[in-house]
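Residue numbers (the numbering used here), protein chains in the order written: chain A, 1 to 489; chain B, 490 to 741.
Keep in mind that the hints were calculated from the coordinates and are not lab data. Among the clues, some could well be false.
Derived PhoX-like pairs (lysine-lysine); straight-line CA-CA distance at most 20 Å [claimed, not checked]:
no. : chain 1 : residue 1 : chain 2 : residue 2
1   : A       : Lys374    : A       : Lys261
2   : B       : Lys606    : B       : Lys554
3   : A       : Lys261    : B       : Lys700
4   : B       : Lys692    : A       : Lys229
5   : A       : Lys220    : B       : Lys700
6   : A       : Lys229    : B       : Lys709
7   : A       : Lys266    : B       : Lys589
8   : A       : Lys229    : B       : Lys700
9   : A       : Lys248    : A       : Lys53
10  : A       : Lys113    : A       : Lys68
11  : B       : Lys554    : A       : Lys266
12  : A       : Lys82     : A       : Lys174
13  : A       : Lys261    : B       : Lys606
14  : A       : Lys385    : A       : Lys374
15  : A       : Lys216    : B       : Lys700
Nothing here was measured: the structure is a model prediction, and the numbers come from that model.
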Amino acid sequence: MVEVRVGLRLLETLTSALYEDPIILFREYVQNSADAYNMAIDEDSTLAFNEFKIDIDIDADNFNILIKDNGYGIPESEFIDKMTTIGASNKSNFTDQIGFRGIGRLSGMPFCKELVFINKPVGLNKCLIYTWEGEKFHKFLNQEIDLELNAAVEKISSSREEYYEGNINEHFFKVELHGYQEEIKELVDSSDFKQRLSKMLPLNYSPDFSQMDVIKNKYKQYMGESLDKYSFKIFLNGEFLYKPYSNKHILESDIVFWELKFKSNKSTMPGDKFGILWFTFNRKLSGNPITEPYGILVRSKNMLMGGSDSLADAIIRSRVDYVATYRELVQTLTGVYGEMLINTPRLNDNARRDWFKIDSLSIELRNIIVEFMKHLLAYRNCASKAFNNPGNEKIREKLIKAYSDLTDGYKPEKFINDFYQHRDSVKSNDDKVFEFADDDIPHFSITIRRFYDRLAKCLRIYYLEKKELEEFLKIRAYIKKHFNEEQEG
Amino acid sequence: MDEAKPKIYQWIEEENKVKAPVETPRKTYDERLVAFIDVLGMREIIRNEENDAEDILFIMGQLNKYVESACEDLLVNSRLSYWQLGDGFIIVTNLDCLDKLCEILSIVQWLVLIDSKMLLRGAVTAGKVIMSEDSKLIIGPAYIEAFALESDNAIFPRIIIADEIQQFISSENITFKYIAEDNDKFKYIDFLNYIREVEDLNKVRLEHLLKTQGVLAFLKNSYIASIKKDKRVAQKYGWIISKITSYNINVV
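Bound conformation, chain B alone (with noise of 0.2 Å):
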């Protein structure tokens, strides 16, 4: 009987296949890593309008340049995605790419402060999280979480890494050796030893780095200036300098 259908009719029907609408699958949230990194400060410098608006485009241009390049092999292979909020950024990658995040992590906060002389503070969780499909938008419990983290806990220019993160990796899937746990219990990345070891800078190597490159004398200058006008920022450069200090790196 088909055969004797006219042409027309098979036509009409193929017509008809393509244009149904296709059945695409519900969006449902993934589990990722999400790092929220800012940098410290840089709210204050934004509001106070006697800043030049040239001079913050810059350094937020800066802050791109270098998570840009730090992200770059996980952005060819497209396991990580970047947004840039205001001051801030937020890093979403697979599961399976802590160690990497670690690292790049380690990186931005270091090229942060020898090159632009200012502080990161962060914190990466991991959880649910729904990204639209051309990456512009991200939403879920995850993002939220890893904004409350860093916002409420890492107080110092620290970037911590949250316990809930042991739900989703076994804590042996975990090789980066480089998160150390802070006095209050908080587990951080520890750039700069991370920096040291895979640069290969002994304690003399560092201190000529970190001399030369005048993040010596930014924290001395910033630490004497903050702690006559408010404590809490002057605790912030009080944490990198102690940590500096313990390499017997003379830094006040």
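Extracted from the complex, chain A is given alone in its bound form (with noise of 0.2 Å):
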């Protein structure tokens, strides 16, 4: 029998592979909240509370984070198993979770001095708490001392009991973050901190956001249980914390719906259904700022996978289907808002959850998205013709049948009449339409657009010349980031 030797180096490989980019320990620790909440209302249904939420408190001046969920805890005598168990699982139908690998739970180590997990489950008159010493760890990294796992955890790691005072019937789960570390400064205190929680956790909708009912409703008719389930009210620093819509980002061709559904070879089984597309557009598909949650953004059971330019990642990744290049299918999808929410047992995430492991069906989502950015830049490419022919009638009925098959022919005629419409009072001032600049720096002034453009087409004449447009792209893709970002600052 061979024996392994497992070493503590496997605990930092884990760790810091898998959560390079701190926002992640977020998602892990709420994740464990929503699945533990989730699991026992899925046991017992009279469990489920209104109230039940997540608060997530950053503690600047002493470097503290605090995640709390007023949930029921962990029972007394699975309390310890689950804190040790790492890359195993114990949570019985996991593929119904968010997250089920027991990794997550050390997410925050890597970033802080101590972490610590403080359990209240209801009728116990104690806290049961596990603690994690982040800086024991590095210090054992640092001098590389060679400690087998099991040794170096006994080490770095304690349990202990706390009398609780409170009522006995009260009831959470807290994770404690001593001592953030200077990556976690950054990023707590970086200004877009709080949008890139509301773009990536799992929460409800704006009030504000008419469209709201649309869209859940939508998914409560196709996938037979309300997205509810997977919204959860979680607080900033006490602030209510919503998805980052609202109706500025209602676009021209209002909302539009895919149905998503896995392909079926039995004739005994029908099609899976694993989740709904919504997305919408304006006339003519010029960028959003980037500083609008652009693109679809694909979600797990609620929870985001990737960012803004998954599609076009999951595209590029595939190296199978050639859509377009990279920069097109980004700058393509800076021209809608929308989300793809998946939920199936049938797709896992993969280890790192910015997408999910390669198999049968992720491949086949992956045609379904494939098919969708095909469209997508057909529409494109047909809407910009038509803007600049409109007495064309072949690039009329081109852009029809574009945008039926982008939306499975969903008023194509008014929608086609109004582009015509809005594109006649758009050419009415002609110094406003610029073949560049109205897609990649929209909303800056004429003079800016003007110049942009003048600079541009230089660049693409010296570059058709000397037969280099793939050239010509990159250093316009540059500029035009050059430029978003000068106005994002």
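Join the two chains, each given in its own frame, into one complex according to the hints.
Structure (structure tokens):
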């Protein structure tokens, strides 16, 4: 029998490789809270209560973070086992949960001096506490002390109990990060921290977002359950967090839906429904500011997978179907707002939770994404041509087809008529229309757009002559990024 | 002498042989498996003139499609015949096809539930039947028995297996694993368990499928609606709900 020696470095590899970006730790702890609550109410639906919430409190002065939920905690008999389980799940029916590997619990350790879990199940007059000492963990690593994993865990973690003075029937679970490091400081101090959390966490839509009910009703009608099961009340320093959509994110197409279903090869089994895609776009598919939640945000059980460009990433990652260059894909995605709301036990998150494990079903998902992006690109190209050639009937027909393909024929005539009327009103003021600037920097002044356009045209001519159009696209993307960053700043 | 007979006599004899009536054996009863299934509540739907006839025909067409596709294998080998009688079906097959018949009935019951949100009940028995050559007519005690069993005893959305089957097939020849015994001691085809195992559906996948196909909502709403109107109908939904709940799937 071969004896496998597992050392402390494995823990470092696991935590640092999987949790490079410290924002992930917020996802992991929120996932654990949400999973624990949903598991409890799945077992006994009478345990559901409206007041379930998760608080994230940042104490920037003392470098502490508290993530607390008022769920049912972990039964006393299971607490130690759960706290010390690394990379093995003891959750039953784990595929129904958002997080399931038992690694996420340690995601905070590399970023703080001390990671503390405080568990208060109902009916217990004490809190059960488990501590991981991040500082000691780093010390052992730096001193290159050769420690086996089990021995190391004993040295860097400990458990204790504390008498609870409050009501015995109270219940909660807390994660405390004491003395967080520079990476976390940088993150929580950044101006877009709240926005990033709002984009990532499984939240509800803002009441100010008038299409909230349309999306939720569609989801319920198609998926047979409410999205609310995966939408949680989460507070950041006492402030309620919502998904980052408001009415300004409803564009001219209104909300368009795609129903997502896996194919079935068997006559006895219907194709598995696995989610819905909603999106909205303008007649002329011009880029939205990068400060907005542009793109199609892919969510598994309402938790973000990847980022704004994840659809482009999914296509490029596969290297099978050529759809367009990565830049073109991303540029096209900046013209839409939307979400792919996925919920299926048949797709499993990959280890980094930024996409799904590669298998036949995730390939099927990628094929759906390829189809969507092809339709979106086709519409974008047709719309751009139609905008510049209003009298051309062939282009008009192509535009109608592209629109119908993208939206499954949702009121094409009306939308296309509106398109040309809108185009005429914009074209009536000729100097407002720019070939490149309207797509790349639509929110800048006319003077800047005119300058941008002239510059881009010169560069295109130069690179066309050199037959290096790819270089032109790179430079154009760079300049665009520079302009937009300047505007953000 | 024969040789001396003019040729014409031979011809007449041969002609008479051809024309002579062929002696056919008398039609006798054959021993067969007979299943009778119908859709719960379909008669009420048909009776209600407010319901669109087109919709009813569509549903009946769907049912025909499910039965035809499930029976495909045995139909090809002429080992099975089926008749659609109004809202019900009679399926007749050879005695050695019990396992296959149970599979067919499980699949039809599953498809009717998952695709059309309806419930089937029925009965399977064995016995004597006569079928016409063109398979347009069936008569015999087994057919009557299956019909009576279905009407009197199936009650819930289940397909019961008559004990009489064992007079024709020894129990060791029945290998279909998904025959369960209900509280009232009737044996029935446990189609959910069959589908779960054959399709490798764990609890989570089965729940997801029933949820996304609208089955859970259909059962819940039908149960709630019928409990106020007719408790006998409610108990039929209650029966299938209890079977689904036994897999730890929350319906109500």
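Cross-check of the supplied hints:
no.: 1; hint: A/Lys374 x A/Lys261; in the structure: 18 Å, holds
no.: 2; hint: B/Lys606 x B/Lys554; in the structure: 15 Å, holds
no.: 3; hint: A/Lys261 x B/Lys700; in the structure: 14 Å, holds
no.: 4; hint: B/Lys692 x A/Lys229; in the structure: 18 Å, holds
no.: 5; hint: A/Lys220 x B/Lys700; in the structure: 10 Å, holds
no.: 6; hint: A/Lys229 x B/Lys709; in the structure: 18 Å, holds
no.: 7; hint: A/Lys266 x B/Lys589; in the structure: 18 Å, holds
no.: 8; hint: A/Lys229 x B/Lys700; in the structure: 13 Å, holds
no.: 9; hint: A/Lys248 x A/Lys53; in the structure: 28 Å, violated
no.: 10; hint: A/Lys113 x A/Lys68; in the structure: 19 Å, holds
no.: 11; hint: B/Lys554 x A/Lys266; in the structure: 15 Å, holds
no.: 12; hint: A/Lys82 x A/Lys174; in the structure: 14 Å, holds
no.: 13; hint: A/Lys261 x B/Lys606; in the structure: 19 Å, holds
no.: 14; hint: A/Lys385 x A/Lys374; in the structure: 17 Å, holds
no.: 15; hint: A/Lys216 x B/Lys700; in the structure: 16 Å, holds
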